[in-house]
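K.L.:
These protein sequence lines map, in sequence, to chains G and F. According to the working numbering, the first sequence is numbered sequentially starting from 1. According to the working numbering, the second sequence is numbered sequentially starting from 1.
These aren't lab readings, by the way, just hints derived from the structure by calculation. Where a beta carbon is used, it is the ideal one built from N, C-alpha and C, also for glycine. Just to be clear, a hint being listed does not mean it is correct.
Okay, the calculated bits of chain G under chain F, using three or more residues with CB under 8 Å as the criterion [unchecked claim]:
| hint | stretch |
| --- | --- |
| 1 | 18-31 |
| 2 | 35-44 |
Not close to chain F: a few residues of chain G, all C-beta gaps over 10 Å, as computed [as the list claims (entries may be wrong)]:
| hint | residue |
| --- | --- |
| 3 | Glu12 |
| 4 | Ile68 |
| 5 | Arg103 |
| 6 | Gln118 |
| 7 | Gln120 |
| 8 | Leu131 |
| 9 | Arg135 |
These are the residues of each chain, in order.
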Amino acid sequence: MTTIRCDIVSAEANIFHGDVAMVIATGEAGELGIVSRHAPLLTRLRPGQVEVIGEDGTRQEYYVSGGILEVQPNVVTVLADTALRADEIDESAARRAKESAERILADRGDAKTVEQAQEQLTQALAQLSALERLRKNLQH
Amino acid sequence: MAGAREIRSKIKSVANTRKVTSALQMVSASKIRRAQDLMHTSRPYTLHMRRVVAHIAQANTDYKHPALVEREVKRVCYIVVSTDRGLCGGLNANLFRKVLADIHGWQQKGVGVELIAIGQKAAQFFRHIKLDMVGTVAHLGDHPRVEKLVGVLKLADDGFMRGKVDRIYLCYNQFVNTMVQRATIDTLFPLPTAAKEIQATEADEAHPQPAIAKVDRANTWDYLYEPEAEPVIRHVLNRYFEAMAYHATLENLASEHAARMVAMKAASDNATKAINTLTLIYNKARQAAITQEISEIVGGAAAVGG
Numbered sequence: 001m002t003t004i005r006c007d008i009v010s011a012e013a014n015i016f017h018g019d020v021a022m023v024i025a026t027g028e029a030g031e032l033g034i035v036s037r038h039a040p041l042l043t044r045l046r047p048g049q050v051e052v053i054g055e056d057g058t059r060q061e062y063y064v065s066g067g068i069l070e071v072q073p074n075v076v077t078v079l080a081d082t083a084l085r086a087d088e089i090d091e092s093a094a095r096r097a098k099e100s101a102e103r104i105l106a107d108r109g110d111a112k113t114v115e116q117a118q119e120q121l122t123q124a125l126a127q128l129s130a131l132e133r134l135r136k137n138l139q140h
Numbered sequence: 001m002a003g004a005r006e007i008r009s010k011i012k013s014v015a016n017t018r019k020v021t022s023a024l025q026m027v028s029a030s031k032i033r034r035a036q037d038l039m040h041t042s043r044p045y046t047l048h049m050r051r052v053v054a055h056i057a058q059a060n061t062d063y064k065h066p067a068l069v070e071r072e073v074k075r076v077c078y079i080v081v082s083t084d085r086g087l088c089g090g091l092n093a094n095l096f097r098k099v100l101a102d103i104h105g106w107q108q109k110g111v112g113v114e115l116i117a118i119g120q121k122a123a124q125f126f127r128h129i130k131l132d133m134v135g136t137v138a139h140l141g142d143h144p145r146v147e148k149l150v151g152v153l154k155l156a157d158d159g160f161m162r163g164k165v166d167r168i169y170l171c172y173n174q175f176v177n178t179m180v181q182r183a184t185i186d187t188l189f190p191l192p193t194a195a196k197e198i199q200a201t202e203a204d205e206a207h208p209q210p211a212i213a214k215v216d217r218a219n220t221w222d223y224l225y226e227p228e229a230e231p232v233i234r235h236v237l238n239r240y241f242e243a244m245a246y247h248a249t250l251e252n253l254a255s256e257h258a259a260r261m262v263a264m265k266a267a268s269d270n271a272t273k274a275i276n277t278l279t280l281i282y283n284k285a286r287q288a289a290i291t292q293e294i295s296e297i298v299g300g301a302a303a304v305g306g
């Protein structure tokens, strides 16, 4: 199987580096699955998971709160705003963020805070769903 | 006992100086660790960002962002990152000398130069030189934040986008190790020039992995963009600009603490040496005075006793 090199970095750390079979990420226009020899592509990422499937089929999930994805035929680079391993996400913190975001939304403040709250909410939801999926994987 | 008192007060003042220098040394020694950590965590992101941008520079994009076009150089902008405080050896002086030489080169070609100073030392230094200083920011502290830089970066970016300046340089001290800091001038915009530099430095450092994906079909391909070329490229280049400047401040911060630690250690050592020499002189003077007194007494007693 041909592999593609994948680098996931955030401003805080080097998250992942290695040769993988496939990278799955959520781009602005939808989900992307990238394998070797993909056409060059440049997109922004939505808050959500980036999944890396290794040569042996092992899966690793990372959570990013937005960022940039660049594809060259033999390299995928994810420049994440913040990237976390899915199992590092603090569930209670994510839940709290979600609740506070929902509260702010319910209040209907001025346009800017609504926008911020929506952003917060998307991030919190994405973190939670990453956790959910991680838990399901663990049960298998 | 001529001079003994002066020598003693001199010893005291040198000892006080040593107290200050060794305190500064210890402060920097404790801060350098954190500064280095900050720098190391930000390095991979910056490195990959530079690579991505170097790729973009080689693409034949349908949206021509101003940064992707090499223009005739009529005016350049230097962003100079310096420290807020002195007492860090030749750190700032080395960087300023290098920048000045560069500026001089442009001026001789009749190219206008403007400057943005980050950190107090750069602002103070370049105020005395006939230059257009368009913006300054200082007091970034020990944990620089991107928000503090955004203002001056916007100035530089706007200047470039409006065609007021044709080139932007970023000058800072690169942290190599505690003993070595390298004064560095990087081209930020336009990208084709920056990309050449990036390739050159990466070839220098002989990275274990092929640093930039081989794009031998230069300018014959383009990316797929999702959703559109323009917002994506704008976003990426904004991020690039911020990330590079932010990282430069981190490198400079680590360099500052390293340089100060070394400079202050040297100063403390010199103070210790000076104190030893002075103490020796003082003791000699004291002994000479005692000997003289004794011989005077003995002489006096002999004269009386007859």
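K.L.:
Provide an ascending list of the numbers of those earlier hints which the structure does not satisfy.
P.N.:
3, 4
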